[in-house]
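Asker: Here's the letter readout for the chains.
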Amino acid sequence: MAVVFEKPKTLADVPLHYCPGCPHGIIHRLVAEVMQELDIEGKTIGVAPVGCAVMAYDYFTCDMIEAAHGRAPAVATGIKRCRPENIVFTYQGDGDLASIGMAETVHSAARNENITVIFVNNAIYGMTGGQMAPTSLPGQVTQTSPYGRDVNHCGWPIRVSEMLATLEGPEFISRVAVNNVKNVNAAKKAIKKAFQNQIDGKGFSLVEVVSACPTNWGMTPQQALEWVESDMLPYYPIGVYKDRSAAKEEK
Amino acid sequence: MAKVTFKTDLCKGCGLCVAACPKGLLAIATEQINAKGYSPAVMTNEEKCIGCAFCATMCPDCVITVEK
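Note that the protein sequences, when read in sequence, are chains A and B.
Here the first sequence is numbered in the working numbering, starting from 1 and rising by one per residue.
Here the second sequence is numbered in the working numbering, starting from 252 and rising by one per residue.
One thing to keep in mind: the hints can contain errors.
Derived DSBU-like pairs: lysine-lysine, alpha-carbon spacing no greater than 35 Å straight-line [unchecked claim]:
hint : chain 1 : residue 1 : chain 2 : residue 2
1    : A       : K9        : A       : K202
2    : B       : K319      : A       : K182
3    : A       : K182      : B       : K254
4    : A       : K248      : A       : K189
5    : B       : K319      : A       : K7
6    : A       : K182      : B       : K299
7    : A       : K43       : A       : K7
8    : B       : K299      : A       : K189
9    : B       : K287      : A       : K189
10   : B       : K299      : B       : K274
11   : A       : K7        : A       : K189
12   : B       : K274      : A       : K182
13   : B       : K258      : A       : K7
14   : B       : K254      : A       : K192
15   : B       : K299      : B       : K258
16   : A       : K9        : B       : K258
17   : A       : K43       : A       : K248
18   : A       : K192      : B       : K299
19   : B       : K258      : A       : K189
20   : B       : K319      : A       : K43
21   : A       : K202      : A       : K192
22   : A       : K182      : B       : K258
23   : A       : K7        : A       : K202
24   : B       : K287      : B       : K319
25   : B       : K258      : A       : K43
26   : A       : K189      : B       : K319
27   : B       : K299      : B       : K254
28   : B       : K287      : A       : K9
29   : B       : K287      : B       : K274
30   : B       : K287      : A       : K192
31   : A       : K9        : B       : K299
32   : A       : K9        : B       : K274
33   : A       : K7        : B       : K299
34   : B       : K287      : B       : K258
These aren't lab readings, by the way, just hints derived from the structure by calculation.
Build out the structure end to end from the sequences listed, making use of the hints.
Answerer: As C-alpha cells, this is what we get:
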C-alpha cells in the first residue's frame with residue numbers, strides 16, 4: 001500500500017493548541033507541505049506573529065523567530081537583507097497584519113522585499129477573545145460590536161489584497177480560502193507559488209487565506225466553513241490580484 | 252480498498268472530516284473519549300473507502316493517514 005496522505009515531516013509531531021476545527025491547522029500544514037516539497041526546510045526562517053498563531057514556532061521544524069505585534073514584515077525584511085540566501089516567510093493574522101502592522105505590510109510590499117507573507121483572514125481577533133478586527137464584515141457581531149459592525153461608526157472592512165495590488169511594488173498578491181477540499185488544494189498551489197517566487201528572487205508575495213474562527217463566531221466548525229462561503233467570500237472574493245511575471249509573459 | 256488510520260489522541264472531534272467524506276463513512280464516536288477529552292472521529296466502513304484523502308485534507312490536526 002502506498003501512502004496517499006500523511007503529516008508532513010516539516011510539521012513537528014506535537015498537538016496543536018488551536019481550538020477544535022480551527023483552519024489554522026490546515027494552513028500550517030499547507031505551509032509545511034510546501035516547505036517539504038520545495039526542500040527548503042533547512043534554509044527557511046519563519047516569522048511568527050502575535051495572535052492565535054503566536055506559537056507557530058513550536059510547530060514548524062524550520063528556524064523561527066517571534067516578532068512584536070504587527071512587525072513581522074519588518075523583522076522579515078531585516079533577516080532577508082542580512083541573509084539573502086535564506087527563505088524568509090511571515091505567518092500573520094488579520095489583527096496583526098491589517099491593523100497594528102498595516103504600515104509594515106504596505107511598506108514592505110511597496111519596497112518589493114523578497115519575502116513571502118501568509119495572511120490568515122478570519123474577520124475577528126481570535127486570541128484575545130473575539131473583538132472586532134479591521135476585516136470584520138458589516139453587521140458582524142463580535143465582542144466589541146455586540147449589535148453588529150456599524151459601518152457609519154466603525155468604518156468599512158479593509159480588503160488587503162485589493163489594496164496592495166494597487167501598488168507597483170509587489171510581485172504576487174492572491175486570495176484563497178480553506179473552506180472546502182477544492183479551495184484547500186488551490187490554496188496550497190498559491191502558497192507554493194509564493195515561496196517559489198522568493199526562491200526565484202522575484203519579490204514580495206502575499207497569500208491571503210480566508211479562514212474561520214468557529215469559537216469566536218459562535219458556530220460549529222462546519223457552520224463556520226459554510227459562513228465563509230455564504231458571507232465572507234462575497235466580500236473577499238478569491239482570485240489572483242497581482243502577478244507581475246504572468247502579466248509580463250502575456251505582453 | 253484504502254486504509255485510513257487515525258492518531259486518535261490528537262483528534263479534537265471537530266467533525267470536518269465527517270462532513271468532507273464523499274461516501275459518508277466517518278463518524279464521531281460519542282461513546283469514546285480520547286486523552287484530550289474529546290470524542291474522536293472513527294471510520295465506520297473501511298471496505299467502502301476510496302482513499303480520496305478528502306478527510307485528511309480538511310483535518311486541521313493531521314490526525315489522519317491515508318494509504319491506498
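Asker: Give a verdict on every hint.
Answerer: Hints versus structure:
| no. | hint | verdict |
| --- | --- | --- |
| 1 | A:K9 <-> A:K202 | holds, 27 Å |
| 2 | B:K319 <-> A:K182 | holds, 21 Å |
| 3 | A:K182 <-> B:K254 | holds, 22 Å |
| 4 | A:K248 <-> A:K189 | holds, 20 Å |
| 5 | B:K319 <-> A:K7 | holds, 16 Å |
| 6 | A:K182 <-> B:K299 | holds, 22 Å |
| 7 | A:K43 <-> A:K7 | holds, 20 Å |
| 8 | B:K299 <-> A:K189 | holds, 30 Å |
| 9 | B:K287 <-> A:K189 | holds, 33 Å |
| 10 | B:K299 <-> B:K274 | holds, 8 Å |
| 11 | A:K7 <-> A:K189 | holds, 18 Å |
| 12 | B:K274 <-> A:K182 | holds, 17 Å |
| 13 | B:K258 <-> A:K7 | holds, 11 Å |
| 14 | B:K254 <-> A:K192 | holds, 28 Å |
| 15 | B:K299 <-> B:K258 | holds, 21 Å |
| 16 | A:K9 <-> B:K258 | holds, 15 Å |
| 17 | A:K43 <-> A:K248 | holds, 30 Å |
| 18 | A:K192 <-> B:K299 | holds, 33 Å |
| 19 | B:K258 <-> A:K189 | holds, 27 Å |
| 20 | B:K319 <-> A:K43 | holds, 33 Å |
| 21 | A:K202 <-> A:K192 | holds, 14 Å |
| 22 | A:K182 <-> B:K258 | holds, 24 Å |
| 23 | A:K7 <-> A:K202 | holds, 30 Å |
| 24 | B:K287 <-> B:K319 | holds, 29 Å |
| 25 | B:K258 <-> A:K43 | holds, 30 Å |
| 26 | A:K189 <-> B:K319 | holds, 24 Å |
| 27 | B:K299 <-> B:K254 | holds, 10 Å |
| 28 | B:K287 <-> A:K9 | holds, 23 Å |
| 29 | B:K287 <-> B:K274 | holds, 28 Å |
| 30 | B:K287 <-> A:K192 | holds, 33 Å |
| 31 | A:K9 <-> B:K299 | holds, 29 Å |
| 32 | A:K9 <-> B:K274 | holds, 29 Å |
| 33 | A:K7 <-> B:K299 | holds, 23 Å |
| 34 | B:K287 <-> B:K258 | holds, 12 Å |
The structure agrees with every numbered hint stated previously.
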